[in-house]
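Throw the hints in and build the complete structure from the sequences for me.
Heads up: the sequence lines are chains A and B, in that order.
Residue 141 is where the first sequence starts when you use the numbering used here, and the numbers rise one by one after that.
Residue 141 is where the second sequence starts when you use the numbering used here, and the numbers rise one by one after that.
Think of the hints as simulated: they come from the structure by calculation, not from any bench.
Note that this is a predicted model, so its numbers are computed, not measured.
Don't take each hint at face value.
It does not matter which identical chain is used: a pair holds within one copy or between any two.
No farther apart than 20 Å at their CA atoms in a straight line, the calculated lysine to aspartate or glutamate pairs in the EDC-like style are these [as the list claims (entries may be wrong)]: (1) K385 x E202; (2) K279 x D323; (3) K149 x E266; (4) K378 x E285; (5) K324 x E195; (6) K143 x E266; (7) K378 x E368; (8) K378 x E243; (9) K279 x E202; (10) K324 x E285; (11) K143 x E336.
Protein chains: 2
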Amino acid sequence: MNKIIDLLKSHRSIRKFTDQSVSQDVINSCVAAGQAAATSSFIQACTVIQVNNSETRSSLAEWAGNQKYVDEAPIFLVFCADMNRHKLSCDMHDAEMLSGFTEQFITATVDCALFAQNVAIAAESEGLGVVYIGGIRNKIDKVSEVLNLPELSYPVFGMCIGFPDQDPEVKPRLPLEVVLKQDKYSDDQDTTRIAEYDKSIRAYYQSRTGGQKDMTWSEQISGMLQKEARPHMLSFLKSRGFLQK
Amino acid sequence: MNKIIDLLKSHRSIRKFTDQSVSQDVINSCVAAGQAAATSSFIQACTVIQVNNSETRSSLAEWAGNQKYVDEAPIFLVFCADMNRHKLSCDMHDAEMLSGFTEQFITATVDCALFAQNVAIAAESEGLGVVYIGGIRNKIDKVSEVLNLPELSYPVFGMCIGFPDQDPEVKPRLPLEVVLKQDKYSDDQDTTRIAEYDKSIRAYYQSRTGGQKDMTWSEQISGMLQKEARPHMLSFLKSRGFLQK
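What follows is the structure in structure tokens.
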């Protein structure tokens, strides 16, 4: 195994950071690495908002469900799927932009995720730790407003970046056979494999919490899926010009 | 700049591959690196189908818009956003799964993209070249059928992998100031910046095609956005259990 694969496989979310600051040069370099990711038909549909203002940070931390590391991390970035610059491009050529297609929502969202994963890896390669913050979608309308996001853009997730002040274990993933299939999808053996995997997750949580958390993967997932998942999302996205057809 | 950031910034799509085969061990290692990417609330919602069958490959190449490298590449992977295993998990605990939320579509799609980007980087770190194939969404219904994909899953994109038999230039990206904003979004200067960037893209295409392709970024984007974007997508995804609310 090479060193880059080693780095990829050693990822853990970091939620506690030292006071050491992160230079703007390093952030710029990470964002440039993000830009270098593949982009669907060269659309380059990701915009990053670096949030420095402390009042905005506190609001974001609260809206994300009181995740205080959003406030505390040396750097906080918001990754936005953004087709506003495509509107500008159409305006430059007096062209009418056809928008609202679900396909465009997919390409912009995927662009943003590929970009962000490069940023995460670039940051980790510099000894930094990161955590993705999907919680900003709790209050996606307020987040969009405070960041002054235009029509045809939405905040997909945030990311805290800083030097790690904790050293959590890597969380075990599903067995390879569950996620890699040959030629055709088959889930014939997946329930058995998940039940087996559940044991390792129970052991992981027990070791990490000194026996307090007693939970398997399938329990956690099934519990989560009995609740509504941010039911405001579709109407918000439609109001921003997405998912209309 | 460190070597990992160098690697990230040197990405180009590779569409022509040598005959050298890629071992299953390398692919397994890349997919395991994919699994190590961050995953929203630990949902692990990506499934990879490795397509070896030559008849299936030919069909996929045709459906993707006659992209012959889909047929020719040593390895072809299809990345699927997959919540079928979450249904299995709910069944294991006699829990009713609430599905169809747009939020779930976002998390599964993002999970898949983060996973795939790790696979791409792992492959490139082994000297391999890759290209993402969004074209499989042209015929997303047929692709899903031939891969036997269950409800609550959809093929997001494919990826060709192999040893490069070409050495294209890195494509210049938008100026950093267009994609990285401080505290609030502002596009006041973006039209000017895009016009400036257009010059470098025109030069890039001219150099790459011996003067034949004379096109800027904003022209390309504005041309593309005057056409409908895979208008079948929303009804297909709804039929698979996604984006219903």
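Here is how each hint holds up against the structure:
no.	hint	verdict
1	K385 x E202	neither (33 Å within a copy, 26 Å between copies)
2	K279 x D323	between (41 Å within a copy, 17 Å between copies)
3	K149 x E266	both (16 Å within a copy, 15 Å between copies)
4	K378 x E285	within (16 Å within a copy, 29 Å between copies)
5	K324 x E195	between (51 Å within a copy, 13 Å between copies)
6	K143 x E266	both (13 Å within a copy, 10 Å between copies)
7	K378 x E368	both (19 Å within a copy, 17 Å between copies)
8	K378 x E243	both (14 Å within a copy, 13 Å between copies)
9	K279 x E202	within (10 Å within a copy, 43 Å between copies)
10	K324 x E285	between (44 Å within a copy, 9 Å between copies)
11	K143 x E336	neither (30 Å within a copy, 38 Å between copies)
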